[in-house]
Each structure stands twice: as structure tokens, then as C-alpha cells.
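Okay, here's what each chain looks like letter by letter:
4 protein chains.
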Amino acid sequence: MIVWKIFEKPRLKSPILVEGLPGIGNVGKVASEYFIEKLHAVKFAELYSDHYPYHVFVNEDDTVDLPRNEFYYHKAKRKGERDIIIITGDIQSMTPHGHYEIAKAMLDFSKDFGVKTIYTLGGFGVPALPKHPKVIGAVTFPELRAKYEKLGVKFESGERVGIIIGASGLLLGLGKLDDMEGLCLMGETLSRPMFTDAKAAKAVLIELSKLLKLKVDMKDLDDRSVEMDRAIAKAKEIEKSMMDKASGKDEFRYIG
Amino acid sequence: MIVWKIFEKPRLKSPILVEGLPGIGNVGKVASEYFIEKLHAVKFAELYSDHYPYHVFVNEDDTVDLPRNEFYYHKAKRKGERDIIIITGDIQSMTPHGHYEIAKAMLDFSKDFGVKTIYTLGGFGVPALPKHPKVIGAVTFPELRAKYEKLGVKFESGERVGIIIGASGLLLGLGKLDDMEGLCLMGETLSRPMFTDAKAAKAVLIELSKLLKLKVDMKDLDDRSVEMDRAIAKAKEIEKSMMDKASGKDEFRYIG
Amino acid sequence: MIVWKIFEKPRLKSPILVEGLPGIGNVGKVASEYFIEKLHAVKFAELYSDHYPYHVFVNEDDTVDLPRNEFYYHKAKRKGERDIIIITGDIQSMTPHGHYEIAKAMLDFSKDFGVKTIYTLGGFGVPALPKHPKVIGAVTFPELRAKYEKLGVKFESGERVGIIIGASGLLLGLGKLDDMEGLCLMGETLSRPMFTDAKAAKAVLIELSKLLKLKVDMKDLDDRSVEMDRAIAKAKEIEKSMMDKASGKDEFRYIG
Amino acid sequence: MIVWKIFEKPRLKSPILVEGLPGIGNVGKVASEYFIEKLHAVKFAELYSDHYPYHVFVNEDDTVDLPRNEFYYHKAKRKGERDIIIITGDIQSMTPHGHYEIAKAMLDFSKDFGVKTIYTLGGFGVPALPKHPKVIGAVTFPELRAKYEKLGVKFESGERVGIIIGASGLLLGLGKLDDMEGLCLMGETLSRPMFTDAKAAKAVLIELSKLLKLKVDMKDLDDRSVEMDRAIAKAKEIEKSMMDKASGKDEFRYIG
Numbered sequence: 043m044i045v046w047k048i049f050e051k052p053r054l055k056s057p058i059l060v061e062g063l064p065g066i067g068n069v070g071k072v073a074s075e076y077f078i079e080k081l082h083a084v085k086f087a088e089l090y091s092d093h094y095p096y097h098v099f100v101n102e103d104d105t106v107d108l109p110r111n112e113f114y115y116h117k118a119k120r121k122g123e124r125d126i127i128i129i130t131g132d133i134q135s136m137t138p139h140g141h142y143e144i145a146k147a148m149l150d151f152s153k154d155f156g157v158k159t160i161y162t163l164g165g166f167g168v169p170a171l172p173k174h175p176k177v178i179g180a181v182t183f184p185e186l187r188a189k190y191e192k193l194g195v196k197f198e199s200g201e202r203v204g205i206i207i208g209a210s211g212l213l214l215g216l217g218k219l220d221d222m223e224g225l226c227l228m229g230e231t232l233s234r235p236m237f238t239d240a241k242a243a244k245a246v247l248i249e250l251s252k253l254l255k256l257k258v259d260m261k262d263l264d265d266r267s268v269e270m271d272r273a274i275a276k277a278k279e280i281e282k283s284m285m286d287k288a289s290g291k292d293e294f295r296y297i298g
Numbered sequence: 043m044i045v046w047k048i049f050e051k052p053r054l055k056s057p058i059l060v061e062g063l064p065g066i067g068n069v070g071k072v073a074s075e076y077f078i079e080k081l082h083a084v085k086f087a088e089l090y091s092d093h094y095p096y097h098v099f100v101n102e103d104d105t106v107d108l109p110r111n112e113f114y115y116h117k118a119k120r121k122g123e124r125d126i127i128i129i130t131g132d133i134q135s136m137t138p139h140g141h142y143e144i145a146k147a148m149l150d151f152s153k154d155f156g157v158k159t160i161y162t163l164g165g166f167g168v169p170a171l172p173k174h175p176k177v178i179g180a181v182t183f184p185e186l187r188a189k190y191e192k193l194g195v196k197f198e199s200g201e202r203v204g205i206i207i208g209a210s211g212l213l214l215g216l217g218k219l220d221d222m223e224g225l226c227l228m229g230e231t232l233s234r235p236m237f238t239d240a241k242a243a244k245a246v247l248i249e250l251s252k253l254l255k256l257k258v259d260m261k262d263l264d265d266r267s268v269e270m271d272r273a274i275a276k277a278k279e280i281e282k283s284m285m286d287k288a289s290g291k292d293e294f295r296y297i298g
Numbered sequence: 043m044i045v046w047k048i049f050e051k052p053r054l055k056s057p058i059l060v061e062g063l064p065g066i067g068n069v070g071k072v073a074s075e076y077f078i079e080k081l082h083a084v085k086f087a088e089l090y091s092d093h094y095p096y097h098v099f100v101n102e103d104d105t106v107d108l109p110r111n112e113f114y115y116h117k118a119k120r121k122g123e124r125d126i127i128i129i130t131g132d133i134q135s136m137t138p139h140g141h142y143e144i145a146k147a148m149l150d151f152s153k154d155f156g157v158k159t160i161y162t163l164g165g166f167g168v169p170a171l172p173k174h175p176k177v178i179g180a181v182t183f184p185e186l187r188a189k190y191e192k193l194g195v196k197f198e199s200g201e202r203v204g205i206i207i208g209a210s211g212l213l214l215g216l217g218k219l220d221d222m223e224g225l226c227l228m229g230e231t232l233s234r235p236m237f238t239d240a241k242a243a244k245a246v247l248i249e250l251s252k253l254l255k256l257k258v259d260m261k262d263l264d265d266r267s268v269e270m271d272r273a274i275a276k277a278k279e280i281e282k283s284m285m286d287k288a289s290g291k292d293e294f295r296y297i298g
Numbered sequence: 043m044i045v046w047k048i049f050e051k052p053r054l055k056s057p058i059l060v061e062g063l064p065g066i067g068n069v070g071k072v073a074s075e076y077f078i079e080k081l082h083a084v085k086f087a088e089l090y091s092d093h094y095p096y097h098v099f100v101n102e103d104d105t106v107d108l109p110r111n112e113f114y115y116h117k118a119k120r121k122g123e124r125d126i127i128i129i130t131g132d133i134q135s136m137t138p139h140g141h142y143e144i145a146k147a148m149l150d151f152s153k154d155f156g157v158k159t160i161y162t163l164g165g166f167g168v169p170a171l172p173k174h175p176k177v178i179g180a181v182t183f184p185e186l187r188a189k190y191e192k193l194g195v196k197f198e199s200g201e202r203v204g205i206i207i208g209a210s211g212l213l214l215g216l217g218k219l220d221d222m223e224g225l226c227l228m229g230e231t232l233s234r235p236m237f238t239d240a241k242a243a244k245a246v247l248i249e250l251s252k253l254l255k256l257k258v259d260m261k262d263l264d265d266r267s268v269e270m271d272r273a274i275a276k277a278k279e280i281e282k283s284m285m286d287k288a289s290g291k292d293e294f295r296y297i298g
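Protein chains in written order, with my numbering: chain A, 43 to 298; chain B, 43 to 298; chain C, 43 to 298; chain D, 43 to 298.
The shape of chain A in the complex, shown without the other chains (with noise of 0.2 Å):
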């Protein structure tokens, strides 16, 4: 079940799509939140799924949210700038086929404004948290990573990176058999748990900015760090619960 909420349809000339979802470092989640803000992008549409869990957030104003993945547009403002989709959200699937529908919604949808180009987000683990964290990409298609190395991007992923797991992976994958051209940049974080890496949003930021000749004030993005890891730990605490219970690990069945 997917369910589009929309907004606006905005007129978009061949923008590229940006996805930014939780991962590892929730480096995806954090540099596409940011970027959103400092872009002032406009959000136009909402992705519900029975694949997101079976609960809704209870926000700060006493209201509540199902889970949900947003869209945002951005339009370009000067010469060189390109058009932008960006795709950001609380939650991934729950159920590993759940992945490749809502991935596959997720372009189906995008291609209705014209995108052939995407860009994912995300972090690959390292045993220990770097000083200055690298970037590193993968593509598509081998010709890509000529035309992107020129840009800036390093590849090292061949070596370095098994698999790209989720929405970063997916739509890529995915995109792929529809000759689309697609980039992921990486960037070096620590593989672990409640873990959220400002350091490593910042590292592909910068990436992904340049990519977009697109001038992104950074200076935000250092301070949000502490703020957030307190944010997402309670959320995942409770997400967590929720998950052993729905896989009977608790003895508290019933739920409601």
C-alpha cells in the first residue's frame, strides 16, 4: 500500500532527485534535512505506506503523524543551477520487499517531473570515527565515473563498499534499468548504533553543493549534532519496543 499525498504539482525542468533518508550516521537524513532548510525548498508531497510501522508519532503540539517519507522541490535561481526533487523522511521500510515498492513509487513518481538524474545520500561505516571524513561515490553505469570524477568525486567504493543497503541502493538499482543516470556519495562514518554524524552530513554536503553549484551555508550544521543524537536515541528507543514486541521477543502481546 503506498498512499501520495500532494500538495502542489510543480512545473520542474529535468530536475535532479536528492534522497536523504535514516541510515547509518544518519548522514543521509541529516545533510537532506539541512539542505532543505537552508534551500528553502517547498514541500509538495507526502509517500504513506503500510510498509513504515504500525504506529502514529504523537508531535510536540499534540497532534499525530503517520510515518511518512516528504518530497521538496527547489527551483533553480541562477545560470548553472539545476532544478532539485529532494526526498527526506523519519523512517525506511520495515519489510525488505517493502523496500523495492516504495523505491520503485519513489521513481515512478519522480519521473512524472522529468527526473533522469539521481543523487543518494548516505554513510559507510569505518571502525573508527575520522577527523576529517571522506567522500566517496558510486554510479550507475561505468561512464559515470569519469564524468564525476572530473567533478570532484572520489571513487573508492569498488574496493571499500560491499553494498548499499535501502532507499540509497534501491533507487539507484532501480533507476538503473531505466538507463537513469545515478550517483551515491558515502560518506566515512562510525558504524554504530544512535549514532548521528553532523561531521559526515557536512563532508557530503559539501559534495553534493558543488555537484549542484549551489552555495550552502555550513556553519548550523556543527551545532545540530548534540541536539539531534538526544532526538533520534528516544526515537529509536521507542521504535525499538515496538519491534520486539512485533516480533514477540516481549510477552506483551497486545498492543493498541
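Keep in mind that the hints were calculated from the coordinates and are not lab data. Honestly, I wouldn't trust all of these hints.
If several chains are the same, the list does not tell them apart, and a pair holds so long as it fits within one copy or across any two.
[Stated by the list, open to error] Only pairs whose alpha carbons sit at most 27 Å apart, straight line, appear in this in silico DSS-like list of lysine-lysine:
#: 1; residue 1: K146; residue 2: K85
#: 2; residue 1: K255; residue 2: K55
#: 3; residue 1: K173; residue 2: K252
#: 4; residue 1: K47; residue 2: K189
#: 5; residue 1: K189; residue 2: K261
#: 6; residue 1: K176; residue 2: K121
#: 7; residue 1: K158; residue 2: K255
#: 8; residue 1: K192; residue 2: K158
We have chain A; now place chains B, C and D onto it with these hints.
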């Protein structure tokens, strides 16, 4: 798979949907069942699903029944009252996506009877059993907070509640996508398995009765706590044993 | 996915559906297989499903077969007898919702042959193996209790049995939604994995034969207990090992 | 979800379908890959599915690919040879019912090219690594046992093999429902995770080549064992870590 068994199609005037299903402290289930009994509400439909456990219950008279949720209606008797549809039952979905499918089916069914407002009843866990359990609300839209606050509902859920799991959450979350008015009333209860909290149910029912301008005699509710504890403990023991088999914890795989 | 393999479409006169599949003590399976053998019942259909395990069995003659359930028929030979359809097989669904889908498919198929009455056979666990296992019944409607009590069936299931799991339960539960007459005969057996209880099966068969006014020679059934124990122990060991792999308990993920 | 990527529609004369996918000892996968290489078989189709893991593989050239199974064809070059379709790939379904859906899709696809005969390749576990691994067969119909015995295939699977799991089993089992001729060739191998057995693969390939009247140079196969062990060990480590996350064993729930 959703199967409806419909006994009657009552004509109702923009009824309010009230949901109380098994969950933490069984607050919602106890409240809805007691409410149905005291209002002499009439059962008019049953919902069956393959997301419910794959067994039948054996009743005291040696008959069997599939797990199900039940729909009752109550017609307004005095000025100021409203027609009501009440959902109760023994179980909730065993699968995550089943929660979505069933909540959606319940909403679609209810909308056919003119439902535009949903009240869901539940508990929220506190570390120690409170002498006088508080009841707090959560709503589908910000403007409803003010409306229900005037009617006496307390709102601290934004601070105290992270998520609302199952039907109580999803009916509001999915209803919100259809612009429905929704309120969840949650009573403080002990977050402990196998615990049925008639006191919290009473606190929730008092709030609900005020909102619905109904007088409900509460005196039988206190006695009920003890007997329900026993029955539910037995049911959960059986359920757990079945789940262990289904999840392969038990060596005994064949069932029948 | 349900796939039917139909060998013959026998003309039957409002046949009674008798189900005996693997379960506690394998009471149902042993009873139905012995019944088929002694009646010389004829196989006329097989049911295959992707809810069954994803393997083939290798038979003694080096051929392979998918897991399946089998349908046999027996035509009444004397006055007072009834036509009968018997369901037996090696497995039940591996997934909870598969139990529903398969039971529904079995009912729909049986109704095409005029089935209006269902007898399901099973065991119910007791702490110690009884010398003379009792057989108790459960029915789809209260009035059937009196009818079958007159025919000699004991009814203590309301007190002693909480739930009936799998096909034996769901065929009655789903049949009840279609107003079908249903009876479950359960023999007392030991609630222990890897145990096949020919004595309980015999007790159930004696009751069944009385109801169906059939004389079934029981003398081979006692001998059978020993050999079945061995075969089933082997099958379960294999099954368990496959389930461990499927559920990720085992490090060895690749299969084939 | 099954997605086909078809590069070519070769005209084949009642080709034999040969399947070799990952499994115990990776016997089937090693055999099919070596076979493809030595025959210079041509890839003409790829099968993608949401039953495969929800990630992309990062290749050595920094490009990404979804998990997939691949179809190659080989045209008969000499009299007595047969056209062949070979299935190979990195993975099998992650879900039980996905095994059925994928095997059925493979059969339907193959039948469009005239396939009526299926050979599946795999291993079967023995407690100690044999010096000269035996190869034994299983067939879809009893009369095939005699046919293949004359061609040199040994048949002890009825005694030694309980079940054949995954594609090697289901292609035969589902093919049998369509009256297809099927043979599984299983090589003795060590039942140990992370073990790739080129020796067993060689034994299976020798049998297969005899049946197909093809001469396949085996000398590179021995060298291959060592390098494959390393690559597969790495892949499994990654896979396992992903599965742990998916199954909630790991506290780190968010992926991306």
C-alpha cells in the same frame, strides 16, 4: 483478506466512531466493552481477517468462533447526544501491514454510515500504577486541541507520548489523510504484560462520557478488574504458545 | 498461490468433509490416513501452495514431489452411509495468513461437490499420556451440540480447550461464516514435539466411524505407531534445519 | 514483483534448462558459472525481484547492480548436442513464498523458448569432506530413473536425501505439475557455512557434460576454489550483517 459479516444497516446521523481494542493495560477494550454493555448498544457487524491469529476460540458452550472485531451502534436518546458506532474485539492484527489494512477497512466501512469524527481509547505506560490515573488526549489537527481542551480534555501527550501503536493510532493517522476529526484518549496505566487496568479504563470512560454527554453508571467496573485478569492471563498464555510455534521458537512445528 | 491438480470430478451426494492433517500428536493425520486406507478411498485432487515449505520431498523411488495436501473420496456403499471427502497431507501452511487462504480454498473446492458438513480431526494436549484417551467435540452452532451429544459425542471443550489451531480450527471457523455444520473431534494426547499418538488417533476414529455409520477395522493402527514415530522424527529434523536457515538462525544463508 | 530485463530472444530448439544457484557448498553456482565460461554461453536475460535482498552490490568498477539471476544460452554445435539455457546468479529468494514465485517465473519464461527438460545442480551435505565426491540424482517421474541410470547417473537420493531446498527443488517440483522431465544432480559436499566446494562442482559438471555430450575442460576449476572462498566469505559477512539488522537482532534499525 477482510471479510465482513453484516447483520443490520442502521440509519445513523453523523455518528461518532469510538474504538477500544486490546492494548496496554487493556484500557481500550475494557472501556469499550463496558460502554457497550451499559448503553445496551446493538451489534450490527463483524470484521474477520487473515491478519488475525490462525485459530478459532472455543466458547463456553462448546461452539467455535474465528477471532474478530465487532461493531455496535447506539442511537442518541436525548437532545445533545450523538449517534455512536463502537468497535471492540479480542484481538488486533498479528502482522504490521495488517494493522494498516484493517484500520483502512474500518474507516471505509464507518464512512458509509456518515462517520466524520473518531475517538480512540487506550492506555499509556507509566512506571508505577497511579492512584488517580490521568487521561490525556492527542488530536488529528492543531485546532482540535483548543476545542477539546475547552471540553475538559488534558493535553500533555506531545511531551509524554512518543507514539500510539495499533488501531488507536492508525485510525487517527489514516483518518487525518481524509481530513477526519480525531481524538485519542489515553489513560495512565502500568506498562506490564498480562495486566488489565479497570481503573484506567474507568478514567477514560469518564472523559468519554463527558464528551458524548452520556451518563454511564461506573459502579460495576471496579469489580470487573479481578475476573478479567484471570481470563486474559489464560488467553495470553495460549496465544503466546501459538506464537512461539509460528515463529519457530518451539521445536514442535506441526499444528492442527 | 494455490494450485489445484484435479484427477477426477466424482459425482457425490452431499458428502461430508473429513479433515486430518499434521498437528499435535499427529492425531488428525494418522486418523485420516488410516481411514483412507481402510475405506480404499480414491485420490481425486491435490492442493499445492507457496505457503508450504519451499522444497521438494525426495521419495523412496528417487522421484520428487512438492509438499501438498490431498483429497480423497469414498462413496456410500450401504443405506445410512454418506459420501465422504477426506483431506490429508504432510504439511500445513508455514505462514499465518496462508492458513486462512488454504482453508478458504479447501472450503470453496468442497462446496462445489455439495459439502455442507465438516468434521475435523485433531488432538488436544494433556500433561500425561492417558491410558484411555477421551475424545471431545466442538461445533459451529449451539444446536449442533445437542444433535451430536445424542450421537455419543462428549462435550467438554468449552472448559478444557482454549483454541483450535490451523486447518481443524479454520475450516470450522470459516465454514461457520457460510452457515456450514461443523464438528471438531479432538483426542487427548501428550503435548510433546515429535510424538505420534496412534492411540489417540484410534479413539478419534472410533467416534468418527460411529457418526458415519462405517465399520473400520482398527487392528493395524496399534502397530503403526512405532514406524511412524521414526519417519516423522526424520522429517521434522530436516524441516527444523530448513526453518533455522530461513529464519537466519544459521549462518549458512545460501540454499539450493 | 518480478522484473525481466531481456537483451535478446534467441531461437532455440527444445533447449534443456540447466540451473545452478548458490546453495550448500555453492556446488550449483560454481558449476553453472564454470560451464557458462567454458561454453562461452551468451547472457540474454536477467531476472530481478523484491524477494531478493534490498540492497545493491557495488562492483569493482564503482558501479552498482541489484541482486539478480541471469539467463545464458548455448547453441548446439555438433550432432548429438542440445541447445541449452543456463540459470546462474548471486542469490536466491529471501522469503519462502518468493522461492515459489521466482521458480514459477523461471519456468514460464523457459517454456516460451521450448524448454521441456530441466537439469538442476546442487550439493547435499555429508559429515566429512569426501576425497571423491559421489553425484546422485533425483527425477520428476519414475520412468526417468531408468533412463538416466542407463546414461550413468547413480540413484541413491531416495535413501540419502530427505528434501531438496530452493530453486533446485522447486523447478523440478513445479515442472512436474506441468509434466516436465526433470533431473537434479547433487554432489556430496561438506555441510558447512562459508564453504565453496569446487571439487563437488567438478564432479557434478562431469556428470552433466556426459548427459549433454559436451566436452568441458575442467583444469581451471581446481584453482578456482581458493579465490572463490575469499570472495564468498566477504559477501556472506556483509549479507549476514544486513540480515541481522533486518531481523532486529541488531539495535541499529535504520539503514540506508
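Mind listing which of the numbered hints don't hold for this structure, in increasing order? The structure breaks hints 5 and 6; every other hint is satisfied.
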